[in-house]
Amino acid sequence: MKLAYWPGCVSRGFTPELHGSTAKVAPLLDLELVELDRANCCGAGVIAEHNQEMVDALNARTFAMAQGVDGAAGMMNICSTCQGAQSECQERLDASAEYRGEVNSHLQAEGLSYEAGGGWWNKNLLWILVEEIGLGTLAEKVVRPLTGLRIAPFYGCYIVRPSRRLGFDEHPERDEYLGQVIAALGAEPVEYAGARKCCGFPVITMNRTTSLRQAGRHVADAIDAGADCLVTPCPLCHLNLDLQQPAAAGFVERDLDLPVLHLPQMIGLALGLEPKELGMGKHVVSTSGVQRKLAELAAA
Amino acid sequence: MPDFTLKIRRFDPESGEPAYWADYGVELPPERSVLDGILQVKEREDASIAIRCSCRAAICGSCGVRINGRSALACNTRIGEAAERARDGAITVEPMGNMPVIKDLVTDMDAVHWKKIHRVVPWLLPAEEPPENQEYIVPAEAMLDVTQAMACIQCGVCVSACLSLEVDPDFMGPAALAKAYRFVGDPRDGEHEARLRDLAEDPHGIYDCTHCFACVEVCPKDVAPMNQIMRLRRRATDDFEIKDSNNGYGHEQAFVNIIQKWGTLFEAQLLPRSFGDGSLIKGQLAPEGARQLTENLPTVLRGLRSGKVRVNKALMHPKLPEQKQVRRIIKEIESKDERLELNLYIVGEEGEETEGAMAEGSQEA
Chain A
13 MKLAYWPGCV SRGFTPELHG STAKVAPLLD LELVELDRAN CCGAGVIAEH NQEMVDALNA
73 RTFAMAQGVD GAAGMMNICS TCQGAQSECQ ERLDASAEYR GEVNSHLQAE GLSYEAGGGW
133 WNKNLLWILV EEIGLGTLAE KVVRPLTGLR IAPFYGCYIV RPSRRLGFDE HPERDEYLGQ
193 VIAALGAEPV EYAGARKCCG FPVITMNRTT SLRQAGRHVA DAIDAGADCL VTPCPLCHLN
253 LDLQQPAAAG FVERDLDLPV LHLPQMIGLA LGLEPKELGM GKHVVSTSGV QRKLAELAAA
Chain B
63 MPDFTLKIRR FDPESGEPAY WADYGVELPP ERSVLDGILQ VKEREDASIA IRCSCRAAIC
123 GSCGVRINGR SALACNTRIG EAAERARDGA ITVEPMGNMP VIKDLVTDMD AVHWKKIHRV
183 VPWLLPAEEP PENQEYIVPA EAMLDVTQAM ACIQCGVCVS ACLSLEVDPD FMGPAALAKA
243 YRFVGDPRDG EHEARLRDLA EDPHGIYDCT HCFACVEVCP KDVAPMNQIM RLRRRATDDF
303 EIKDSNNGYG HEQAFVNIIQ KWGTLFEAQL LPRSFGDGSL IKGQLAPEGA RQLTENLPTV
363 LRGLRSGKVR VNKALMHPKL PEQKQVRRII KEIESKDERL ELNLYIVGEE GEETEGAMAE
423 GSQEA
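Which chain is which? The protein sequence lines are A and B, in order.
Its first residue numbered 13, the first sequence is counted upward by one per residue in my numbering.
Its first residue numbered 63, the second sequence is counted upward by one per residue in my numbering.
None of these hints come from the bench; they were simulated from the model.
Mixed in with the good hints, there may be bad ones.
[Said to hold, decoys possible] With the Cβ distance kept under 10 Å, some of the chain B side facing chain A (calculated, not the full set):
id : residue
1  : R296
2  : T299
3  : F337
4  : V371
5  : V373
6  : R401
[Unchecked claim] A few chain B positions that, by computed beta-carbon distances, are all more than 10 Å from chain A:
id : residue
7  : P64
8  : F73
9  : S77
10 : W83
11 : D98
12 : D172
13 : E303
14 : D339
[Unchecked claim] Keeping only pairs whose Cα atoms sit at most 27 Å apart, straight-line, the calculated DSS-like set for lysine-lysine is:
id : chain 1 : residue 1 : chain 2 : residue 2
15 : A       : K294      : B       : K381
16 : A       : K294      : A       : K305
17 : B       : K375      : A       : K36
18 : B       : K283      : B       : K177
19 : B       : K323      : B       : K398
20 : B       : K375      : B       : K386
21 : A       : K294      : B       : K375
22 : B       : K381      : A       : K36
23 : A       : K305      : A       : K153
24 : B       : K381      : B       : K344
25 : B       : K323      : B       : K386
26 : B       : K375      : A       : K288
27 : A       : K288      : A       : K305
28 : A       : K14       : A       : K36
29 : B       : K344      : B       : K283
Note that the Cβ used here is the ideal one computed from N, Cα and C, for glycine as well.
Looking at chain A on its own, in the form it has when it is part of the complex (with noise of 0.2 Å):
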């Protein structure tokens, strides 16, 4: 499947691992991805509270570039923070005609629009996953199954609230998907509170006490569930939990210690890459633990 490619800006800044990894991964997965390398940042929510207008020229500028890709079934992001600021700039540019052009009249000097309608959409890899490649063949890809892993799914709110707006209509299952995923590759999913809450990362530089201890009490909940580590498919939800997660320690005032996987970086696994191909040594919280384990079960 060839699909238009937004990689995002923290995948490409402090999450590097991420962007690394679903390049591995995509070929195995038979994704063709073209890459918007023109492409500007989505917003994350800061812009929209800046001004509406410019976050949706902004977007709507991304959407006609991913119109643009020939043969492309749609607009992949791997980001749940892109998914959701995307998501709501095309609510509201699909929603009137006449708004879409007053936004589409900032693109025209770059000789592109973007078009409402037709089916065209924009989805997360989980997303992708699920809907367009499906579990059972996701299933069939295994080669190293991840069987006796516990995986608690963290999924980041862009991506599951408001569900009107992200197509729960149709898509009922989307905040299950993680879940879904994670036993589709062997895994255990791990069931706790914090799975769909927030992780904190929009206000850490405004309100580092109330974002460090949402970040720290989903990460001890996970462990007192006996996860083995997270999979977030938010690269913002990975900077709170894994870069800040020594800080967020003391905000809960508890040892915490537990990996934080990327989406890309679960799947590679269980599709028979190496950890360090998939950028596994880059974590603040090691992810030794994980790899340990995964040998073990080799090997058993």
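Since the structure of chain A is provided, determine the placement of chain B on it from the hints.
Using the frame of chain A, we list chain B on its own:
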């Protein structure tokens, strides 16, 4: 064989016993409400179950609870649909979250919800005396912007679901801040700037919202409290340029400035710029900015050690090809006299065009 099973969280402080779960059978068609189910249990099985309710039609806002963990009005939730989302066949019904429980499903709204509502001065502070023997008259379209906030029925369901309140009980919360916007967006109110300054400077105010959409998801009246909080932020930063000590102004300015300059997020500059009202130099040299940067130093060092953050990447960030187009779009829109906004609450779900949905935002500064 009952049609449905309700698993109700029971608690009676006078008993001295801890809270417990109790199962009750309900015989009702699936289109009836969870509240109808609870009332049937009270009538047939156990009259001592405590719940507040009155109108049964999502108007009075009394019967907020958590159904299968999700905050909602019991009268506004079909029992059949709740059963579809239930685990192990039983629909769980608990009191609302983020509030003390008085008994069973009755929470202390005074201790949390109403206290927070009072905090935001929930009445009009008029700019001037009304004309003699007359009321204030404003054009109907001037009030469109606040209609969504005015739809609130004070049920507290958003307060129950709020993920910031869960870790910071002092957060003003979604309902109170939506109420605050109701007056900040009202053309008759004379204290817009003072209200915004208060909400921006309070560490538990508009910048303590983590933008998680939990309130938007559960509100039975589509008030979208988080969207009202974002409107408050927009007016505070862009109309009144309130440079708050929580870095709310700085974070927004930093983000927009970075995208204007590079097109994608230059993360290494986001922190120092946020701490300096958007300016990189002020963020590093002003005492408060430098203090906060120092606080973040261990995180930066851990990032460098892990190999996730490279020194060259922290100092340099590539500009997008065609960056000038991004800059042009931002400048073009920034230079407009008024902000253009499409209000989907007014347009409606089906996307039909409605007069007045495209509003021009005010620029009071």
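For each hint, the structure was consulted:
1. At its closest, the beta carbon of R296 of chain B sits 6 Å from a beta carbon of chain A; the interface hint therefore holds under the 10 Å criterion.
2. Nearest Cβ of chain A to the Cβ of T299 of chain B: about 7 Å, under the 10 Å cut. The hint holds.
3. Of the supplied interface hints, the one on F337 of chain B holds, with its beta-carbon coming within about 7 Å of a beta-carbon of chain A, less than 10 Å.
4. Below 10 Å, beta-carbon pairs count as interface contacts, and V371 of chain B has one with chain A at about 6 Å; its hint therefore holds.
5. Interface restraint check: V373 of chain B against chain A, minimum CB-CB distance 13 Å, threshold 10 Å, status violated.
6. For R401 of chain B, the interface hint holds, the least distance from its beta-carbon to any beta-carbon of chain A being 6 Å, beneath 10 Å.
7. Distance to chain A confirms P64 of chain B as a non-interface residue, since its nearest Cβ pair spans about 26 Å, more than 10 Å.
8. A cut-off of 10 Å between C-beta atoms confirms that F73 of chain B is not in contact with chain A; the least separation is 20 Å.
9. Annotated as non-interface, S77 of chain B keeps its C-beta farther than 10 Å from every C-beta of chain A; the closest such distance is 27 Å.
10. Here W83 of chain B stays apart from chain A, with its beta-carbon at least about 17 Å from theirs, past the 10 Å limit.
11. D98 of chain B, annotated as away from the interface, keeps every beta carbon of chain A farther than 10 Å; the closest lies near 24 Å.
12. The beta carbon of D172 of chain B sits about 24 Å from the closest Cβ of chain A, which is more than 10 Å, so the claim that it is off the interface holds.
13. For E303 of chain B, the requirement that its beta carbon stay farther than 10 Å from each beta carbon of chain A is met, with the minimum near 12 Å.
14. Non-interface call for D339 of chain B relative to chain A: holds, since the shortest CB-CB distance, roughly 12 Å, exceeds 10 Å.
15. In summary, the hint linking K294 of chain A to K381 of chain B is supported, as the alpha carbons are separated by about 25 Å, within the 27 Å threshold.
16. Only pairs whose Cα atoms come within 27 Å are accepted, and K294 of chain A paired with K305 of chain A is accepted, the gap being roughly 18 Å.
17. As the CA atoms of K375 of chain B and K36 of chain A are separated by approximately 22 Å, the hinted pair is consistent with the 27 Å bound.
18. Among the hinted pairs, K283 of chain B with K177 of chain B is consistent with the structure: their alpha-carbon atoms are about 21 Å apart, no more than 27 Å.
19. This hinted pair checks out: K323 of chain B and K398 of chain B have alpha carbons roughly 20 Å apart, not beyond 27 Å.
20. Taken as a hint, the K375 of chain B and K386 of chain B pair is honoured in the structure, with Cα atoms around 22 Å apart against an allowance of 27 Å.
21. In summary, the hint linking K294 of chain A to K375 of chain B is supported, as the alpha carbons are separated by about 15 Å, within the 27 Å threshold.
22. For the suggested pair K381 of chain B and K36 of chain A, the alpha carbons sit about 25 Å apart, so the restraint of at most 27 Å is met.
23. Taking the CA atoms of K305 of chain A and K153 of chain A, the gap is about 21 Å. The hint holds against a cut of 27 Å.
24. A threshold of 27 Å between alpha carbons decides the hint, and for K381 of chain B with K344 of chain B the separation of about 23 Å falls inside it, so the pair holds.
25. Of the supplied pair hints, the one linking K323 of chain B and K386 of chain B holds, its CA atoms being roughly 9 Å apart against a limit of 27 Å.
26. A distance of roughly 21 Å separates the Cα atoms of K375 of chain B and K288 of chain A; the hinted pair therefore holds under the 27 Å criterion.
27. Between the alpha carbons of K288 of chain A and K305 of chain A the distance comes to roughly 15 Å, so the proposed pair stays at or under 27 Å and holds.
28. Distance restraint check for K14 of chain A and K36 of chain A: the Cα-Cα separation of roughly 16 Å lies within the 27 Å cut-off, and the hinted pair is therefore satisfied.
29. For the hint pairing K344 of chain B with K283 of chain B, the CA-to-CA distance comes to about 43 Å; that exceeds 27 Å, so the pair is violated.
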